[in-house]
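Listed here are the chains, written in short residue letters.
There are 6 protein chains.
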Amino acid sequence: MRPSGRAPDQMRDISFEPNFTRHAEGSVLVSFGDTRVLVTASVEEKVPPFLRGKGKGWVTAEYGMLPRATHTRGNREAAKGKQSGRTQEIQRLIGRSLRAVVDLPKLGERQITLDCDVIQADGGTRTASISGAWVALRIAVDKLLDSKALTEDPIRTQVAAVSCGIFKGTPVLDLDYDEDSSAGSDGNFVLTGDGNIVEAQLTAEGELFDEEQLLRLLRLARIGCDEIFAAQRKAAGK
Amino acid sequence: MRPSGRAPDQMRDISFEPNFTRHAEGSVLVSFGDTRVLVTASVEEKVPPFLRGKGKGWVTAEYGMLPRATHTRGNREAAKGKQSGRTQEIQRLIGRSLRAVVDLPKLGERQITLDCDVIQADGGTRTASISGAWVALRIAVDKLLDSKALTEDPIRTQVAAVSCGIFKGTPVLDLDYDEDSSAGSDGNFVLTGDGNIVEAQLTAEGELFDEEQLLRLLRLARIGCDEIFAAQRKAAGK
Amino acid sequence: MRPSGRAPDQMRDISFEPNFTRHAEGSVLVSFGDTRVLVTASVEEKVPPFLRGKGKGWVTAEYGMLPRATHTRGNREAAKGKQSGRTQEIQRLIGRSLRAVVDLPKLGERQITLDCDVIQADGGTRTASISGAWVALRIAVDKLLDSKALTEDPIRTQVAAVSCGIFKGTPVLDLDYDEDSSAGSDGNFVLTGDGNIVEAQLTAEGELFDEEQLLRLLRLARIGCDEIFAAQRKAAGK
Amino acid sequence: MRPSGRAPDQMRDISFEPNFTRHAEGSVLVSFGDTRVLVTASVEEKVPPFLRGKGKGWVTAEYGMLPRATHTRGNREAAKGKQSGRTQEIQRLIGRSLRAVVDLPKLGERQITLDCDVIQADGGTRTASISGAWVALRIAVDKLLDSKALTEDPIRTQVAAVSCGIFKGTPVLDLDYDEDSSAGSDGNFVLTGDGNIVEAQLTAEGELFDEEQLLRLLRLARIGCDEIFAAQRKAAGK
Amino acid sequence: MRPSGRAPDQMRDISFEPNFTRHAEGSVLVSFGDTRVLVTASVEEKVPPFLRGKGKGWVTAEYGMLPRATHTRGNREAAKGKQSGRTQEIQRLIGRSLRAVVDLPKLGERQITLDCDVIQADGGTRTASISGAWVALRIAVDKLLDSKALTEDPIRTQVAAVSCGIFKGTPVLDLDYDEDSSAGSDGNFVLTGDGNIVEAQLTAEGELFDEEQLLRLLRLARIGCDEIFAAQRKAAGK
Amino acid sequence: MRPSGRAPDQMRDISFEPNFTRHAEGSVLVSFGDTRVLVTASVEEKVPPFLRGKGKGWVTAEYGMLPRATHTRGNREAAKGKQSGRTQEIQRLIGRSLRAVVDLPKLGERQITLDCDVIQADGGTRTASISGAWVALRIAVDKLLDSKALTEDPIRTQVAAVSCGIFKGTPVLDLDYDEDSSAGSDGNFVLTGDGNIVEAQLTAEGELFDEEQLLRLLRLARIGCDEIFAAQRKAAGK
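Chains as they are written, first to last, in UniProt numbering: chain A, 1 to 238; chain B, 1 to 238; chain C, 1 to 238; chain D, 1 to 238; chain E, 1 to 238; chain F, 1 to 238.
Derived by calculation from the structure, the hints in this document are not laboratory data. A hint or two may mislead.
As a list, the in silico BS3-like pairs of lysine-lysine whose alpha-carbon atoms are at most 25 Å apart [claimed, not checked]:
#1 Lys-82/B x Lys-168/E
#2 Lys-82/A x Lys-82/F
#3 Lys-238/B x Lys-143/B
#4 Lys-46/A x Lys-80/B
#5 Lys-168/F x Lys-54/E
#6 Lys-148/E x Lys-82/E
#7 Lys-143/B x Lys-46/B
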């Protein structure tokens with residue numbers, strides 16, 4: 001039995017509240033249960049130095065957690081003077097996941113930065129961030145298309161992510177904090193709207209796992225992502 | 001005429017949405033027009049080293065702005081590895097303002113940290129932060145009183161803050177970004193519920209000012225803070 | 001009774017020793033009683049990036065305190081690897097105060113940096129810094145005028161600063177360390193030679209204050225600044 | 001055809017040179033083809049603060065690359081003043097992988113740090129590091145057993161890692177730099193001597209992948225790890 | 001011919017102005033010609049962690065240069081966030097030199113920190129710092145002896161330093177900035193009042209040197225240090 | 001009697017293993033007894049900003065020590081976020097020593113960086129680094145000559161370094177860790193193949209020294225460097 005009473009293949013309630021803030025070219029408040037992440041997409045008409053003059057764009061991400069997003073207050077990374085290894089690992093994953101569905105040459109020489117700031121954390125902040133980032137990116141790119149700054153859509157398909165894990169011996173979908181902190185193995189799957197995989201990552205936390213379990217978790221992830229894809233399309237008005 | 005069409009002594013719509021997040025002992029989303037700040041109060045049962053064993057508590061604040069809270073994206077302070085001088089100046093002001101209305105010995109040997117994170121900025125983020133911080137603190141202290149961790153209320157009175165400035169020669173209340181960026185002088189007043197002043201600070205940005213103008217702005221601030229005090233009481237259920 | 005035996009409206013002995021060092025374009029050792037600050041003005045024929053090509057100059061300040069300027073040794077900020085919030089707040093104030101009396105377009109595309117280094121501290125280091133910075137700036141600008149690098153004087157008027165506070169219930173002028181550390185409220189006023197205000201800032205440290213007290217302190221500040229203005233003119237040979 | 005002429009399921013020559021340095025409790029120079037990593041295991045009789053008094057030990061890792069381990073010289077992280085996100089991600093993975101096969105309570109209140117320093121890089125530095133770290137750890141733990149500091153072996157089984165990827169449409173084992181920099185997808189598998197998985201991680205770099213490809217790469221990884229396990233045992237004298 | 005017109009074995013005018021500041025237990029403004037360094041000695045009744053409980057004291061030094069001590073303004077190290085290699089090298093040398101003449105067990109479990117801050121630089125700042133540090137230390141230790149905190153003098157003898165170099169083929173004593181920046185070789189000698197050497201360091205800058213030149217410079221250093229020793233004794237009232 | 005049983009003027013076994021790694025333009029693993037340093041020379045076709053357009057090259061060095069190169073594990077400088085004063089002092093010395101034998105205009109507008117990474121430490125890491133750096137530089141420059149990128153050899157002569165010290169009253173050559181940690185005085189001499197001195201540096205650690213001792217150590221250094229010169233030439237194929 002899951003602490004939340006959910007079935008093994010049941011997602012938490014997910015929602016995307018588009019245009020949550022007004023300055024960013026794209027923004028969304030994404031909720032996976034009690035996990036809430038504000039994602040903004042900022043378009044800049046320049047690319048990082050290593051891409052200058054190469055006729056293509058860039059999509060990157062930054063991630064942060066408000067100090068009291070969690071049960072006990074964490075130190076503010078700006079005050080400590082550096083981002084943790086965990087933060088950097090997550091923001092690298094988000095950027096990589098979004099770039100996997102964007103045709104960078106079609107984006108032109110511009111950069112879109114996806115800022116994912118966790119307002120409240122209850123497990124799955126990185127998967128909520130990736131899923132929300134697609135919506136913020138979609139909104140920002142639609143504005144570029146509407147304004148004719150872009151003539152062709154550089155977004156090839158949707159991308160979404162969900163966590164899965166072995167909780168008390170049972171493979172379950174979309175772990176919340178209680179499950180995440182005691183799961184034997186857990187991981188994250190980043191899938192695309194056309195049925196492919198961008199990233200599969202599964203880690204033994206307390207118990208090792210085998211090939212069969214890896215496959216069962218991947219299948220759960222497909223169930224979860226399909227639900228997320230539908231919600232993303234609705235939020236983005238597609 | 002103000003860009004927003006407001007009268008010189010007219011505040012923007014202000015609102016306090018208490019309990020915006022669930023982990024913190026106190027939290028509120030405060031809005032001054034389009035400026036929105038999430039404030040959380042975190043209670044810890046320990047004090048900083050310089051206060052250990054002195055039988056009194058501490059109230060401190062940290063301030064941050066999400067990278068895309070503003071019109072153009074700013075660098076993330078955690079990624080830069082340091083907080084700007086502006087950030088530090090603001091968080092020192094917030095802490096000082098709240099401590100002015102708290103009886104620290106009555107708080108006992110515990111620290112309350114007020115995290116003020118700007119979700120969206122349109123001028124007046126520091127005054128919204130101070131005003132919201134009082135509500136978050138009030139909620140957190142009420143929980144301590146309810147649980148009998150505290151037997152006497154350490155909060156002496158309310159505290160609120162508002163910005164004022166000389167905009168195109170006219171003293172105006174509660175500057176928004178458009179006004180703030182072109183005001184001749186502007187400043188912030190931090191006032192208490194019992195009619196006193198915690199901090200008065202007025203700076204010439206483009207035009208010098210005189211004593212009479214300082215007084216007129218202080219009087220505008222009283223008008224604004226009275227409105228904030230009423231909203232604070234309502235949000236805190238008093 | 002003040003610890004020093006001074007009358008409430010009496011400044012400490014103030015002195016400006018111009019040309020204290022030889023490399024800087026302007027330099028002065030300013031003393032407010034036992035507070036001694038070395039201020040140098042350095043002229044560079046370039047402006048910061050945000051001003052390039054805009055046809056105007058910039059005046060900025062940096063502030064530091066030697067580790068043993070104070071009663072007990074403080075950590076060296078260079079060794080700690082960062083400037084404190086207090087340091088940054090003070091250097092922002094000094095820069096802002098000086099810019100308020102300089103016509104930046106008349107300065108041309110050059111930057112003048114005012115380095116204020118506290119050799120010995122006894123309260124009022126920021127006000128001594130501002131007051132001394134004007135002298136160092138005046139000397140440096142006079143050299144630019146003498147050498148015809150400038151044809152019009154960009155300095156509009158004098159600027160000086162002094163601290164005031166409520167000490168044991170009495171408003172007093174120019175607080176020394178003993179007064180500063182036990183004042184109920186204190187603040188700093190930055191005034192100009194033509195009678196205007198650049199910055200008024202008053203903070204309740206232990207006791208709140210009211211409008212009348214704010215005004216009395218402002219009037220004390222005028223008395224103090226008039227004395228400083230006279231000493232500045234003498235030091236600058238005007 | 002692979003640039004190196006290897007068959008798709010063929011590892012590079014691998015070797016473990018134990019006791020490469022003399023001060024560390026365990027050390028090994030591991031080579032996967034031209035990739036060479038020096039791994040040392042340092043035993044300290046204390047644990048990090050979060051584990052004090054809990055009756056169990058800790059295994060952690062640090063990773064670094066000599067500036068000219070690579071084709072072009074990279075900046076020295078010590079000189080830049082921070083470790084890259086990539087470095088932190090890798091050292092977190094190494095630590096996690098080794099902890100997965102260690103019974104921490106049996107280790108007692110001591111910490112073993114595995115320093116993995118890349119002398120020469122040609123792809124697969126993180127998998128060579130993990131594989132070598134097991135040998136260094138084994139040597140260090142054997143010394144603790146020999147000296148009776150430990151009475152029970154805390155190492156449950158072997159752990160090894162290898163990279164796999166889709167190179168020009170073909171799943172291949174143990175990518176070298178040439179393959180790694182142009183693979184469509186690649187990832188790392190961390191497997192244990194008793195047939196389980198510690199970590200499976202596969203990322204689409206240029207082309208998305210599907211479930212079948214994930215499985216084929218996992219099977220290649222088993223082939224590679226079996227070869228590594230044999231070499232580890234020989235190096236550790238088992 | 002030296003730019004200053006001095007004879008090869010002629011020092012610049014040197015002076016020690018004791019008790020230049022009032023808070024430090026010892027202080028002196030030392031001048032070697034236009035080079036002026038403020039040195040303070042701060043006594044703390046504790047030792048660094050590595051010496052705790054060992055029944056002996058410590059003498060250490062920090063060094064800094066005010067940004068405009070030099071011909072052109074240098075960046076403030078506190079603002080850059082780190083001390084340069086040169087600064088660290090110098091402060092290590094100063095500490096080592098003073099410790100060489102102090103009997104640390106006789107000092108008891110206390111630390112004396114010598115802060116050497118360069119007010120104005122014209123070559124030889126490290127040698128002026130060492131020479132001045134002895135005076136500040138002497139004054140501070142005399143206070144400890146006067147107050148009976150110490151009963152035996154821990155200072156064994158004097159220590160002084162001077163630079164020497166080969167300028168246009170001629171060995172010269174006490175290089176000023178003009179000489180220093182074009183010397184073929186230069187170095188620093190730290191000598192004691194009883195005729196021994198604490199540190200000899202000579203570096204080829206543009207021309208290599210031989211054993212005979214090393215000896216001639218050492219002999220010049222003796223001449224210079226004898227003059228400094230006399231001035232130190234006078235300043236310290238011995 | 002020396003702990004190692006060596007005669008006072010006897011070096012440890014020294015060896016240079018050229019081309020230890022494959023990516024660098026020059027590389028060598030240098031051993032002075034148990035001290036082993038990997039030195040690589042990296043050629044870049046650009047110079048640092050202060051030399052741009054001046055028609056000459058630059059030779060610089062960086063130094064690091066693997067965390068477990070020493071008896072007890074030291075902190076990784078990259079993880080601490082800064083290089084120690086000792087590291088910076090050493091790398092400045094290495095760069096200076098190599099530049100002393102290079103004709104920088106003949107090198108053309110290119111920079112050669114010598115990375116000296118200590119694999120295992122047993123005293124004398126800086127002198128082994130300098131001696132090895134010459135070999136790595138020689139190999140790299142020979143490649144530039146072979147490829148006709150250079151037509152004239154910019155290396156004037158050899159450079160080598162060795163430590164000497166007074167151990168239990170006896171002047172000895174090439175101190176190992178045991179001697180180094182208890183020597184009364186020790187220092188480093190950097191000598192050239194044509195009999196000159198680049199750097200002589202001798203420091204009293206526990207006992208002061210005199211001129212005669214300085215000379216005796218210098219003479220020991222000549223014996224040691226002659227042996228190193230022969231080994232360097234052999235390693236570089238000269």
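Here is how each hint holds up against the structure:
{"no.": "1", "hint": "Lys-82/B x Lys-168/E", "verdict": "violated, 48 Å"}
{"no.": "2", "hint": "Lys-82/A x Lys-82/F", "verdict": "holds, 13 Å"}
{"no.": "3", "hint": "Lys-238/B x Lys-143/B", "verdict": "holds, 14 Å"}
{"no.": "4", "hint": "Lys-46/A x Lys-80/B", "verdict": "holds, 19 Å"}
{"no.": "5", "hint": "Lys-168/F x Lys-54/E", "verdict": "holds, 24 Å"}
{"no.": "6", "hint": "Lys-148/E x Lys-82/E", "verdict": "violated, 39 Å"}
{"no.": "7", "hint": "Lys-143/B x Lys-46/B", "verdict": "holds, 17 Å"}
Hint check: violations occur at hints 1, 6; the rest are consistent with the structure.
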